[in-house]
Structures are given as C-alpha cells and as structure tokens.
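One line per chain: the protein sequences are A and B, in this order. In the working numbering, each residue carries its 1-based index in the first sequence increased by 1. In the working numbering, each residue carries its 1-based index in the second sequence increased by 1.
For the record, the hints were derived by calculation from the structure and aren't laboratory data. The reader is advised that the hints may include incorrect statements.
Claimed, not checked - Covered stretches of chain B, as calculated for chain A (at least 3 residues, CB under 8 Å):
1. 24-36
2. 47-54
3. 57-64
4. 116-122
5. 127-133
6. 139-149
7. 232-246
Remember, it's a predicted structure, so these values are computed and weren't measured experimentally. Here a beta-carbon is modelled for each residue, glycine too, at the ideal position from N, C-alpha and C.
Number of protein chains: 2
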Amino acid sequence: MQTAIMTETVAELLRIDAFVAQLSLHPRRVFPTHHADAELMPLSAGSYLAATLDVLSEELSVGLYREPETMGWVLVQANLSDLAAVGATPVGLVLGVSLGPEWDDARTARLAGGIDDAVRSEGAFILGGDLNDGAATSLCACAIGLLERPLISRHGVRPGDRIYASAPLGLGNAMAAAALTGHRELFPERAFRPRARLRAGRNLRTRAHAMIDTSDGLLAALDQLARVNELCLELDLRAPRLVDERAAAVAVKLGLPDWALLFGEHGEYELVCAADAGAESALPLGAVPLGQARDGYGVAVRLGDAEAIPLDAGRIRNLRATTGGDPAAYISALLGYGTSLGLPGSPRR
Amino acid sequence: MQTAIMTETVAELLRIDAFVAQLSLHPRRVFPTHHADAELMPLSAGSYLAATLDVLSEELSVGLYREPETMGWVLVQANLSDLAAVGATPVGLVLGVSLGPEWDDARTARLAGGIDDAVRSEGAFILGGDLNDGAATSLCACAIGLLERPLISRHGVRPGDRIYASAPLGLGNAMAAAALTGHRELFPERAFRPRARLRAGRNLRTRAHAMIDTSDGLLAALDQLARVNELCLELDLRAPRLVDERAAAVAVKLGLPDWALLFGEHGEYELVCAADAGAESALPLGAVPLGQARDGYGVAVRLGDAEAIPLDAGRIRNLRATTGGDPAAYISALLGYGTSLGLPGSPRR
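Same shape as in the complex, but just chain A:
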C-alpha cells in the first residue's frame, strides 16, 4: 500500500512559484500559495476576508466558448467557486472586462446578460469594475467574500479520510471534448452552466478536513490535494454516480472512456473534500464518494479489487503543454497513457 508514485512536476505550478517568489506576500495571509482556492486574510473579531481573482483567457483564445452568455456565466461561477471552496459567503464581484475588436454593442450586452444570470443564480452581487478595449478579449473578476472560523483549505487531509465530490463529475470535460473535436452538437454550449457550490462549501467548511474545487478537473484537484497533504489519494473508478450521466452520454458518442472525463483539465466547478469515514450523512445531500486518502504520495486509481494503480498525475496535467495545445493530440496522449496503465480505451457501453 506504500507505493511510491513518481510524478512530474507540474509546469504551471513551477511557473506560479517562480512568479510568486518575487512578490511581497502579505505577512498575515492565512494560507500559503497553492494551499487554498481563495486568499484569506484576518479582518477583525474573528472575521476573515476571502478574495480570489480568475481570468478567463485561455478558454477564449482556444475558442472553447463562443457564446458571450457562456463567457459571462463561467467568469462569475469560476470566481464564486473559489469562494465556495473556502466556505465563504460572497460580498460581491468586481469585474475587469477588456474587449477585443469583435465586440459590438449587441455582443457586449449578451456578455453582461450572462454575467448577471450567474450572479442572480447564486444570490450574489456586482460591486463594480473596469470596462475597456484590448487587442484580445480578456475577462476577469475578483470575488470577495467573508467567513469566520473554522477555516478550511486544501491542507488537512488525514490518512483514512474518505474523499467526496459535491455532485457527479465530467460535464466540463464532456463540453470541452465535444467543442474542441468539432462535435458541438453533442453538448450545446448553452447547456454548460456550472454552478458554484456556495451552500455546500459553507456546510463543508465546518464538517470536512480539506476542500478544493474541480475548476481544472477532478484529477488536478486530487493531485493538488495529494501534493499539499503529502498523501496518496485513491480514486475508485467503480464508485456509483461518479460520472454525470449527461457527460457519460457525450463520452459514449465521442468514443471516450468515462475516466477521460475525470482526467481532462476542463472542470465543472464542483467541490471535492476529505472527511471522516462515516461522515457522509452529515455532508450535503448528493455527495458522491470518490475514494480515500492513505499514506503515500500522489494519485492512484482503483479499477477492481486489486491494488490501486498509481498515476503520474503531473504528466497528465502537463499534457496540454506537451501536446502543443492540439486537442486531438491531447486526447490521444491521454488515452495512450491511460490504456498503458490498464484503464479501458473506450466506453464501457
């Protein structure tokens, strides 16, 4: 059970580390870099400020989203999801909207509509922001929230903990796979409306040991928890309700195995947490058991009753860079690596 898992360093993490190493970080910042989905600062009298800033940029430059409503929706939900993953209650969002030459008034209005639909959907508000022009479109938002103790971060997983997700997973990768392989009809973009799990996050803040969102997909979330906690996280691919049924249906049509929907890097903004075995009844309704934490390091997957198979999660997280950003090459490399480990190369159905 103590398999040492070799794992590549993740290029994105190294790049962030190099950047952050030059910066004067706030001495009262509660959690170090990579340890929480949002930045936490003590305010006064047991109150904490949570802040997070997400830029929607790669998703736009690779053409993943085409509809302004989707861009606005995801921009808001991605930021609120980071607040959810620390169990914060939103104060509001500040927007930074920089529009390229392709944005006329009608298209800009559709973007604002998508932003506001998401804001209202989660009972949040806009505080203000900046709107201007740029050579290419870049959408960013900063979500600000408040919370009290107990605080939760990505750190705190204990060996023996059970790992749960706030819902079945895979919608983000199903949408991305359909869009980027030229099969948008299998997953209309307007059907991709992930929702930040703010209520679940507040609930889990007091009940779970550690939490992260799946904004970069489940595998990245598990890998990040494994790295921060220096533990092995076992994902049980036999777990019921693991994969969202709509996502699985898309995967069947694309000829992709279920696990690819969990390993790809387009997430669905659900929460993943570690909690005591048996705590399931105290977790929000619908929590999906994913597997468990144990001594060791990295991510492993369980296919059957045999020992879990260790993965090089870093290698998978680096795939977009190592395949040069080509979607077909990415999928081929992902399937190639998975099948080399004994995972199925095609849908079960």
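We have chain A; now place chain B onto it with these hints.
Using the frame of chain A, we list chain B on its own:
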C-alpha cells in the same frame, strides 16, 4: 458667470452605463456608478471595504509601455491610486496576469519585479492571484482596502470650493506623447514611475469635500467632478506649479503647449480634490491650487483676468475614439480644438 457649457456625452461612460444597467449591483454599495474611484461596502462596526479592479490592456495593445517593469509598476499603482482616491488603507492586491506568446521566463520575471517594486514602494502586499496564458497580454489587479468614516467620493463639491492637486501634473501625457510620437528618448519609460498618493488620500478623506485621481488625466478628472456634482469647475492655467517641470521640458521639445499635458488622457495618478477656500494649510504639503468650483456645468479654463473659457470636455475625452486611435491625429485635433478656444498652440518658452 452662469455660462451654459455644451458638452458631448463621453462614449466610454455611456458604454459603462449600458453594461452596468444589466447587472445586479449590490444594494448596500455606498456610492453609485461613476461616483467614486473605488467601490465601497459597509462591513461592520463602522468599517468599510474598498475594492477596485483595473485592467492594463489598451496601454499594452497600443504599445505605450514596452518594458515589463513599467507594466508591473503601473498595474499596481493604478489600482492603489483608486484606493487613495477614497482614502482607504490597502489590505493588498490580487493579481490576474494573462500572458501572450511573447513572454519568456526572463520577461515574466521582469514583470514580477516591477509589480513588487511598486508594492514595496507603497508598503502594500500581494494577497495572491491567477497566472495563465492568453492570445494577448492582459494584466489586471484588484486592490482591496479598508477605511472608516468620514467617507469621501467624487460627489460633494460646493460652489466656491477651491480645487487642488496633490502635485504638479502632466507627467503621464508627457511620457505618452514622447512614446507615441517616436521620441521615447525625451522621456525614458523607466522614468515614468507614478506613485499612488495613499497618505495624501487618507489625509484628504477627512479634510476635502470630494476627491478623484488623475488616472485619465486632469481634464477627465475635472469633467467627471463637474458631471457628478452638476457644477462648473474652472481650471486656472496661470496657477503656479500647475505643470510638472520635467513634463513641461518634454512638451517644449515636442512643440506642445503646457495645457495639452493637462488635457490628454494619460494620467499621472495624482489626486484632485475640492476643499474650502483657505483650507490649503490643512492639506498635504505640496498641494497645488488648480482653480475653483462655481455654479454652472462643465469645465472652463482661465487664461487671464477675463471670464473663463468654457470647454467641451466630452469632445476632448472622445478624441481618441473620434481620431481612430492615431496619436498624430489625436494631438492635431486636440491642438486644433484648443487654439480655436484661444489657447496657445505652442509652448510659451
């Protein structure tokens, strides 16, 4: 003295209004849109949160800044300057750095260095952020601060108020004019290191009636105060120390009159405030008297003892759009409009 000043609507403001009209703004937001440099929210027990988000995008796409250190510096100072203009004390900045293909590791490190130089210069800190790739570079930051009553905004100017700036003005436009007309040697980019006037802002919050920063140049600041307060702001072009000496020297070499350094839209991140006549001794050392507020509407300039000349500040603020973004056409149109009002067409010296 009650000259009615005709002024164009500012295209940028209309665009923001149309966008914001679709958004669910926070019901407890203290100041309405356009009324303050940062968004203010009550927290608890007399404490207020200030938040602002500025994107550095147009400055990059038009090639105004070339050196990563300048980009990082201005990104930080622009955001802190908005906090200064509401008299807030920074908690810290959250960064959103989206880098185009031209950024290698060395260049990225220079950007981080510029960010950190500015942060340390103002005694601020970084809270965290997002770093990723985009089709074009977009740099944004959200500055978060705290403050208590009395609050200050752009609203509150009274007829008879004197208008002050926190320092002589024009450095931003001198730098931009030199860079965009191909005379960068007249104003080396690394000499453009504006500083957010955080201390002056805190001081002025309790002493002034209204405040704004000059991030878009003096004229835009005065015009915004005039619009929000429905008053006329008179700028006295004879005022001593009005124009920064280094900026004036660049203007002489470029053949530009001083006033063009105050009317152009690249600001210098100083503060402009309205205060009681005679309050000068209570203002921060170095405050530059600019003119006064009176009944009426818009911006007017005083050249001599005759009545002040009303300006169409909206027309000037729209010039970059109406001249298609061409710097030479912009300068020509600005000088043409100014001289049509009787302002000098060339340097005094």
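For each hint, the structure was consulted:
1. 24-36: Held - the stretch 24-36 of chain B has 7 residues with a Cβ nearer than 8 Å to chain A, which meets the minimum of three.
2. 47-54: holds (count 5)
3. 57-64: holds (count 4)
4. 116-122: holds (count 4)
5. 127-133: n = 7 at 8 Å, threshold three: holds.
6. 139-149: Answer holds; 6 residues pass the 8 Å Cβ test.
7. 232-246: Answer violated; 0 residues pass the 8 Å Cβ test.
Of the numbered hints given earlier, the model fails hint 7 alone.
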